[in-house]
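*Asks:* The chain contents come next:
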Amino acid sequence: MHELAITESILSIADQAAKENNGTKVTDIYLILGQLSSIVDDSVQFYWDHISLGTVCEGAVLHFERRPAMLRCKSCNHQYPLGEILQTCPNCQSPDVFIEAGEEMLVHHIDILREEP
Amino acid sequence: MSQRVEIVKRIMDSNDRLAQNNQAILDQNHIFGINLMASPGAGKTSFILETIKRLPAEIKLGVIEGDTAPVTIDSDKIAAAGIPAVQINTGGECHLDANMIEMALDELPLEDLNLIMVENVGNLICPAAFQLGTHANILIASIPEGDDKPYKYPNIYRGLDVLILNKIDLTPYIDFRMDYFQQGVEMLNPGLKTFALSAKTGEGFDAWITWLTDKVTTK
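Chain order of the listed sequences is A and B.
First residue of the first sequence: 11, per the working numbering; consecutive thereafter.
First residue of the second sequence: 9, per the working numbering; consecutive thereafter.
Bear in mind the hints are in silico, worked out from the structure with no lab data behind them.
Wrong hints could be hidden among the right ones.
To be verified - Pairs of lysine-lysine, BS3-like flavour, derived with a Cα cap of 27 Å: (1) Lys85/B to Lys68/B; (2) Lys201/B to Lys157/B; (3) Lys85/B to Lys160/B; (4) Lys223/B to Lys208/B; (5) Lys29/A to Lys17/B; (6) Lys84/A to Lys157/B; (7) Lys157/B to Lys68/B; (8) Lys227/B to Lys68/B; (9) Lys201/B to Lys160/B; (10) Lys157/B to Lys208/B; (11) Lys17/B to Lys35/A; (12) Lys84/A to Lys160/B; (13) Lys227/B to Lys201/B; (14) Lys17/B to Lys223/B; (15) Lys68/B to Lys84/A.
As the list claims (entries may be wrong) - From the structure, some residues in chain B lie toward chain A, with a derived Cβ separation under 8 Å: (16) Gln11; (17) Ile15; (18) Cys102; (19) His103; (20) Ile133; (21) Cys134; (22) Lys157; (23) Pro158; (24) Glu194.
The C-beta atom is built at its ideal place from N, Cα and C for all residues, glycine as well.
Make a model of the complete structure from these sequences and hints.
*Replies:* As structure tokens, then:
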């Protein structure tokens with residue numbers, strides 16, 4: 011349910027980047043979201059369709075690149091996905107693991123249309 | 009013409025900058041700030057009230073209460089204990105953010121305080137994403153919630169500085185595997201400082217109050 015705040019932040023970042031680059035319209039926004047960000051794509055899209063109305067970002071297509079959360083075992087170096095629930099290392103059963111990826115929450119790049127100078 | 013613009017900016021960037029600003033305000037006033045998170049019913053308000061009863065005289069506490077509905081049940085209890093309290097009604101939002109804290113700080117007598125506890129909205133998912141500018145993120149887990157919560161809600165355990173395990177007086181009545189719980193915590197946040205206590209009986213509070221007093225007085 012925190013997707014409204016997240017979506018407002020995405021809009022603000024894209025809007026600012028478009029203005030700094032003399033963009034007249036933002037056509038595409040590329041997001042990178044780690045599994046641990048707990049963000050639901052459909053929910054962001056729902057809010058986006060409303061809050062982007064009347065802005066330079068209206069109609070922009072959101073592209074979601076999901077990054078799975080990955081764990082690595084400190085005992086045997088095995089790498090495995092977090093999955094639905096946290097589990098000990100499936101290779102050696104050690105609980106001595108760390109989270110290696112999956113916490114990303116980024117606006118990576120946008121595509122804009124701009125006036126010829 | 010079409011152009012690609014590289015950004016690579018963290019979505020939480022603007023919130024995090026406001027949070028840094030909040031921390032600067034706290035630091036200027038020599039205030040130690042705590043962000044208290046938990047699921048609904050874990051005992052956040054009871055924990056704060058029991059803490060208030062045991063605070064040494066040199067600690068001057070202020071409380072920011074976050075709630076999704078315009079009810080002042082929690083902040084009334086805090087105010088009744090003689091502690092300055094501000095209620096934030098999030099208007100249905102499931103978490104507090106740095107902007108709300110900035111406004112709440114405006115309403116507290118900062119010059120008279122050296123500790124602020126923020127009671128976040130009861131939720132194990134959303135508050136984890138929003139830094140508030142406090143110095144310590146603390147989660148209150150409780151025995152009746154079950155021993156599997158670190159496994160199901162890994163994200164909130166990741167960013168913690170302290171874990172409170174509340175309602176330990178209920179341990180005889182509930183199948184709570186302490187080893188299993190602690191293993192999950194250790195996988196997500198190795199070496200996490202943990203206080204097991206009961207806000208009802210007061211058991212375990214001495215160690216918590218000692219830690220808290222040390223943090224506030226050395227700030």
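*Asks:* Decide, hint by hint, whether the structure agrees.
*Replies:* Verification of the supplied hints:
Restraint check for Lys85/B and Lys68/B: satisfied, since their Cα atoms lie roughly 17 Å apart, inside the 27 Å limit. As the CA atoms of Lys201/B and Lys157/B are separated by approximately 17 Å, the hinted pair is consistent with the 27 Å bound. This hinted pair does not check out: Lys85/B and Lys160/B have alpha carbons roughly 32 Å apart, beyond 27 Å. In summary, the hint linking Lys223/B to Lys208/B is supported, as the alpha carbons are separated by about 24 Å, within the 27 Å threshold.
Taking the CA atoms of Lys29/A and Lys17/B, the gap is near 16 Å; set against the 27 Å cutoff, the hint holds. Distance restraint check for Lys84/A and Lys157/B: the Cα-Cα separation of roughly 23 Å lies within the 27 Å cut-off, and the hinted pair is therefore satisfied. Among the hinted pairs, Lys157/B with Lys68/B is inconsistent with the structure: their alpha-carbon atoms are about 33 Å apart, more than 27 Å. With a C-alpha separation of about 13 Å, the suggested pairing of Lys227/B with Lys68/B holds against the 27 Å cut-off.
Proximity of Lys201/B to Lys160/B is assessed by CA-CA distance (about 20 Å); at most 27 Å being required, the pair is judged to hold. Under the criterion of a C-alpha separation no larger than 27 Å, the hint pairing Lys157/B with Lys208/B is consistent with the structure, at around 22 Å. The straight-line distance between the Cα atoms of Lys17/B and Lys35/A is roughly 19 Å, inside the 27 Å bound, and the hint therefore holds. Of the pairs offered as hints, the one joining Lys84/A and Lys160/B holds, with about 22 Å between alpha carbons and a cut-off of 27 Å not exceeded.
Between the alpha carbons of Lys227/B and Lys201/B the distance comes to roughly 18 Å, so the proposed pair stays at or under 27 Å and holds. Restraint check for Lys17/B and Lys223/B: not satisfied, since their Cα atoms lie roughly 33 Å apart, outside the 27 Å limit. At roughly 44 Å between alpha-carbon atoms, Lys68/B and Lys84/A are farther apart than 27 Å, so this suggested pair is violated. About 6 Å separates the beta-carbon of Gln11/B from the nearest beta-carbon of chain A, less than 8 Å, and the hint is met.
Hint status for Ile15/B relative to chain A: holds, with the closest Cβ pair at about 5 Å, below 8 Å. For Cys102/B, the suggested interface contact is upheld, since its CB lies about 4 Å from the closest CB of chain A, less than 8 Å. With a least beta-carbon distance of about 5 Å to chain A, the hint placing His103/B at the interface is held under the 8 Å criterion. For Ile133/B, the suggested interface contact is upheld, since its CB lies about 5 Å from the closest CB of chain A, less than 8 Å.
With its C-beta approaching chain A no nearer than about 4 Å, Cys134/B sits inside the 8 Å limit, and its interface hint holds. Because the beta carbon of Lys157/B sits about 10 Å from the nearest beta carbon in chain A, more than 8 Å, this interface hint is broken. For Pro158/B, the interface hint holds, the least distance from its beta-carbon to any beta-carbon of chain A being 7 Å, beneath 8 Å. A cut of 8 Å between beta carbons decides the hint on Glu194/B: the least distance to chain A is about 7 Å, and the hint holds.
Taken one by one, the earlier hints fail for this structure at numbers 3, 7, 14, 15 and 22, listed in ascending order.
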